[in-house]
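Novice: Throughout, the working numbering is defined as the position within the sequence shown, counted from one, plus 47.
Treat the hints as calculated values from the structure; they're not laboratory data.
Any given hint could be a false lead.
Said to hold, decoys possible - In silico BS3-like links for lysine-lysine, alpha-carbon gap of 25 Å or less:
id, residue 1, residue 2
1, K385, K217
2, K259, K249
3, K385, K412
4, K312, K385
5, K217, K182
6, K249, K386
7, K312, K182
8, K217, K412
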Amino acid sequence: METWWFPPWQPLLVLLSTVLLLYHIASSWHRGERHLPLPPGPWGLPFVGNILQFGDMTHHGLARLASRYGGLLHLRLGRLHTVVVSTPEMARLVLQANDRAFANRPTTAAIVYLSYDLADMVFAPYGPLWRQLRKLCINKLFSRRRAASWAAVHDGVDGLIREVARNSGKVVNVGELVFGMSVSITLRAALGMRIDECDGGKDAAELVAIVKEFSELFGASNFADYVPWLGWLDVQGINRRMVAARAALDRLIDRAIDEHLANPKPADADDADMVDGMLCFLDDAGAANTKCRDGAALRLSRDNIKATIMDVLFGGTETSASTIEWAMAELMNSPEEKKRVQDELAQAVGLHRQLRESDLTGDNKLPYFRCVVEETLRMHPPVPLLQHEAAVDCDVAGYRVPRKTRVVINVWAIGRDASAWGDDADKFRPARFGAGTDNAETDYRGEHFHLLPFGSGRRSCPGMQLGMHEVELALARLLHGFDWSLPPAAPGDLDMRESYGLTSSRAVRLSAVPVPRLSHVL
Numbered sequence: 048m049e050t051w052w053f054p055p056w057q058p059l060l061v062l063l064s065t066v067l068l069l070y071h072i073a074s075s076w077h078r079g080e081r082h083l084p085l086p087p088g089p090w091g092l093p094f095v096g097n098i099l100q101f102g103d104m105t106h107h108g109l110a111r112l113a114s115r116y117g118g119l120l121h122l123r124l125g126r127l128h129t130v131v132v133s134t135p136e137m138a139r140l141v142l143q144a145n146d147r148a149f150a151n152r153p154t155t156a157a158i159v160y161l162s163y164d165l166a167d168m169v170f171a172p173y174g175p176l177w178r179q180l181r182k183l184c185i186n187k188l189f190s191r192r193r194a195a196s197w198a199a200v201h202d203g204v205d206g207l208i209r210e211v212a213r214n215s216g217k218v219v220n221v222g223e224l225v226f227g228m229s230v231s232i233t234l235r236a237a238l239g240m241r242i243d244e245c246d247g248g249k250d251a252a253e254l255v256a257i258v259k260e261f262s263e264l265f266g267a268s269n270f271a272d273y274v275p276w277l278g279w280l281d282v283q284g285i286n287r288r289m290v291a292a293r294a295a296l297d298r299l300i301d302r303a304i305d306e307h308l309a310n311p312k313p314a315d316a317d318d319a320d321m322v323d324g325m326l327c328f329l330d331d332a333g334a335a336n337t338k339c340r341d342g343a344a345l346r347l348s349r350d351n352i353k354a355t356i357m358d359v360l361f362g363g364t365e366t367s368a369s370t371i372e373w374a375m376a377e378l379m380n381s382p383e384e385k386k387r388v389q390d391e392l393a394q395a396v397g398l399h400r401q402l403r404e405s406d407l408t409g410d411n412k413l414p415y416f417r418c419v420v421e422e423t424l425r426m427h428p429p430v431p432l433l434q435h436e437a438a439v440d441c442d443v444a445g446y447r448v449p450r451k452t453r454v455v456i457n458v459w460a461i462g463r464d465a466s467a468w469g470d471d472a473d474k475f476r477p478a479r480f481g482a483g484t485d486n487a488e489t490d491y492r493g494e495h496f497h498l499l500p501f502g503s504g505r506r507s508c509p510g511m512q513l514g515m516h517e518v519e520l521a522l523a524r525l526l527h528g529f530d531w532s533l534p535p536a537a538p539g540d541l542d543m544r545e546s547y548g549l550t551s552s553r554a555v556r557l558s559a560v561p562v563p564r565l566s567h568v569l
């Protein structure tokens with residue numbers, strides 16, 4: 048018979064192990080008691096989570112999910128936690144009460160590659176570089192003190208009105224015209240380029256194609272973001288498209304930077320553009336252009352400059368143009384609203400002269416026109432889904448939001464929330480912003496969480512003031528200077544479908560027939 052021998056210390060080891068195991072179980076149970084749950088959401092499959100519900104990842108689909116699971120819902124897309132915010136109160140908790148915790152942007156494959164590895168202002172992590180780039184953009188492009196940027200808006204709108212006047216009585220593609228105007232404004236303000244000087248218009252046409260492709264790539268649902276080990280397959284062809292899109296942008300921006308380096312201009316010159324303002328911070332800039340009055344310690348790489356220019360080219364074209372086109376489409380679809388705003392413009396300005404920028408200044412000027420603009424932004428926010436990321440573990444409304452969770456603010460759903468806007472939230476009704484209403488004091492600047500077209504807090508849009516100046520001036524002059532009607536062959540109901548990308552533009556461009564209203568030739 049075999050005899051087993053136990054070392055004298057083994058019972059002590061077993062006892063100690065048992066105590067440690069019981070302590071671990073008790074601690075885990077105790078932590079579980081206090082561990083907050085994730086927000087509610089649809090059941091997901093093992094490993095892939097809710098990836099098979101990709102069809103619901105648009106602002107419409109997410110709004111439908113929110114109607115079932117609430118204003119703070121949780122999805123698991125492969126390895127990533129995603130929390131969707133769809134009500135004003137939840138937006139306030141994220142963007143105000145926890146602003147610092149959610150000040151980062153998520154890093155998708157498209158964002159990392161197209162932003163030159165997060166070298167820009169929009170997608171850079173919250174920190175010193177982001178703060179410096181944001182300040183630089185505000186001071187060198189968006190500020191009222193930058194006369195060149197605002198002059199670019201004035202001249203771009205003038206060109207739009209001349210083009211419409213040349214085609215009076217004919218069918219014009221309103222969407223293409225306003226998009227072309229936005230391209231011309233952005234090219235001039237950011238790169239100092241005029242369309243008539245851009246290689247016969249090739250640069251402008253190329254920029255239009257690049258902006259549209261970037262919008263689709265930024266907004267695309269890429270399986271590689273959620274299942275990284277499948278990324279090399281590129282089953283959706285997104286990687287190939289990203290490489291081609293960035294190469295096209297490189298050619299355009301590199302040429303502009305090289306031209307500016309060859310012909311340096313003082314960063315504080317009246318006609319200086321954004322590139323002039325940024326090149327004085329370039330690490331390898333020539334001695335002729337190395338003095339900057341502010342932020343002398345800031346050094347930028349060429350990729351920083353290219354990526355920030357990309358931000359402006361994208362943010363300054365499709366978003367403004369989309370808002371103008373949606374406003375025109377909603378008014379064409381509501382003739383009584385169009386008549387009311389045109390009557391206000393005629394009464395305030397008259398029909399003996401063109402509308403001027405000064406006609407738009409002052410809070411009490413053109414009140415119904417401003418209601419039209421705000422109602423358009425409510426129903427058609429330029430970027431319907433604003434992306435944030437949790438920098439730390441957070442508690443939101445009694446739910447756990449783990450670090451690195453992607454947080455999506457569904458601005459489109461918030462703008463149509465019946466609890467905030469009433470049962471007619473899906474109807475275009477500018478009067479809801481009129482004097483004496485619940486929303487008379489509501490505006491789009493990010494202080495009211497039921498209207499967030501430009502976000503709120505640290506990551507709100509820095510170009511809002513310049514972009515809205517373009518929207519208001521162009522829209523007011525189109526409505527004041529012309530009567531508009533749908534083409535004779537147009538169907539009875541105007542197509543109001545959206546296309547899906549990072550921005551929410553119209554699926555079908557608006558076409559209409561302009562007829563001059565003014566007593567003189569434009």
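Novice: Against each hint, give a clear statement of whether it holds in the structure.
Specialist: Hint by hint, here is what the structure shows:
Annotation: proposed proximity of K385 to K217 holds, straight-line Cα distance about 20 Å (limit 25 Å). Restraint check: the Cα-Cα separation between K259 and K249 comes to about 16 Å, which is no more than 25 Å; the hinted pair holds. For the suggested pair K385 and K412, the alpha carbons sit about 18 Å apart, so the restraint of at most 25 Å is met. Distance check on the hinted pair: K312 and K385 sit about 46 Å apart at the alpha-carbon level, beyond 25 Å; violated.
Of the pairs offered as hints, the one joining K217 and K182 is violated, with about 45 Å between alpha carbons and a cut-off of 25 Å exceeded. Pair hint K249 plus K386 does not hold up; C-alpha atoms about 39 Å apart against a cutoff of 25 Å. Pair hint K312 plus K182 holds up; C-alpha atoms about 21 Å apart against a cutoff of 25 Å. Note on K217 and K412: the hinted pairing is violated, with a Cα-Cα distance of about 32 Å set against a maximum of 25 Å.
In the structure shown, a violation is registered for the earlier hints numbered 4, 5, 6, 8, in ascending order.
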